[in-house]
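K.L.:
The listed protein sequences derive, respectively, from chains S and A. Residues 14 to 129 (the working numbering) are what the first sequence spells out, left to right. Residues 31 to 141 (the working numbering) are what the second sequence spells out, left to right.
For the record, the hints were derived by calculation from the structure and aren't laboratory data. Here a beta-carbon is modelled for each residue, glycine too, at the ideal position from N, C-alpha and C. Possibly wrong hints are sitting among the right ones.
A short list of chain S residues far from chain A (calculated; beta carbon distances all over 12 Å) [what the hints assert, rightly or not]:
| no. | residue |
| --- | --- |
| 1 | Val25 |
| 2 | Gln35 |
| 3 | Asp39 |
| 4 | Gly76 |
Simulated coverage check for chain S against chain A, where a stretch passes if three residues somewhere in it have a Cβ under 8 Å from a Cβ of chain A [what the hints assert, rightly or not]:
| no. | segment |
| --- | --- |
| 5 | 47 to 57 |
| 6 | 87 to 99 |
Partner residues are not named here, just some residues of chain A that face chain S (Cβ under 10 Å, in silico) [to be verified]:
| no. | residue |
| --- | --- |
| 7 | Ala115 |
| 8 | Phe118 |
| 9 | Gly132 |
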Amino acid sequence: NAGVTQTPKFQVLKTGQSMTLQCAQDMNHEYMSWYRQDPGMGLRLIHYSVGAGITDQGEVPNGYNVSRSTTEDFPLRLLSAAPSQTSVYFCASSYLTSGRGTGELFFGEGSRLTVL
Amino acid sequence: SQQGEEDPQALSIQEGENATMNCSYKTSINNLQWYRQNSGRGLVHLILIRSNEREKHSGRLRVTLDTSKKSSSLLITASRAADTASYFCGAGGTSYGKLTFGQGTILTVHP
């Protein structure tokens, strides 16, 4: 059981370049999300989805796009990379509870992005 | 702004001692979750406590939740060197998807 798989694990970009971070889960979870982790800032929610065709913004959505065409995949697109987007990015998935909550998150191993 | 805020930022103890970490949050929650992160790895779920629960146990972990004070605590008993990691609380809001984290507590357990 692979769980949550993120690719690539490492990436170096130049300012202005675009790229897509891939995330796939094999647990049939409705909920998927992207976080970025920066030193001293903890994890901040970028975008999330509660099902195919449904996405919403988190705390820090600017500069990022997402789509959810299938239950399994939730790619994160950087439109025009900036040095401020240098970070470690985590994808996470979960089930949705009956009480409108999010269950335990299953995290990928992270994608480390450097923007020069 | 972030929902969960952990305290202390760093904690250093000896093996065998207990470690207590605290978390505060700002708005109504559906549940509160604790996670562990080893250096360079993803977060791993430890325990989830629902808003209508006050205490929960899992092995050496004990979590309490006080919704009137909007706070939670994680107690690790009889700590081991292998417990050295960062610990995060995630506050799950009352609308789907709003699970937000604080900066975490860095726990170091000395052998």
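K.L.:
Under the criterion of a CB-CB separation shorter than 10 Å, is Gly132 (chain A) in contact with chain S as hinted?
P.N.:
Result: holds, 5 Å to nearest chain S Cβ.
K.L.:
Beyond 12 Å on every Cβ pair: is that true for Val25 (chain S) relative to chain A?
P.N.:
holds (18 Å)
K.L.:
According to a criterion of three or more residues whose C-beta lies within less than 8 Å of a C-beta of chain A, is the segment 47 to 57 of chain S covered?
P.N.:
holds (count 6)
K.L.:
Let's test the interface hint: is any C-beta of chain S closer than 10 Å to that of Phe118 (chain A)?
P.N.:
For Phe118 (chain A), the interface hint holds, since the closest Cβ of chain S sits about 7 Å away, which is under 10 Å.
K.L.:
Does Gln35 (chain S) clear chain A by more than 12 Å, comparing its Cβ with all Cβ atoms of that chain?
P.N.:
holds (15 Å)
K.L.:
Taking 10 Å as the limit, does the beta-carbon of Ala115 (chain A) come near enough to a beta-carbon in chain S?
P.N.:
Given a least distance of 14 Å, the restraint on Ala115 (chain A) is violated.
K.L.:
Find the nearest Cβ of chain A to the Cβ of Gly76 (chain S) and say whether that gap is larger than 12 Å.
P.N.:
holds (19 Å)
K.L.:
Does the claim that Asp39 (chain S) lies off the interface hold, with its Cβ farther than 12 Å from every Cβ of chain A?
P.N.:
Holds, since 16 Å exceeds 12 Å.
K.L.:
How does the segment 87 to 99 of chain S fare against chain A when you require at least three residues with a CB closer than 8 Å, holds or violated?
P.N.:
violated (count 0)
Comparing the model with each earlier hint shows violations of hints 6 and 7; every other hint is respected.
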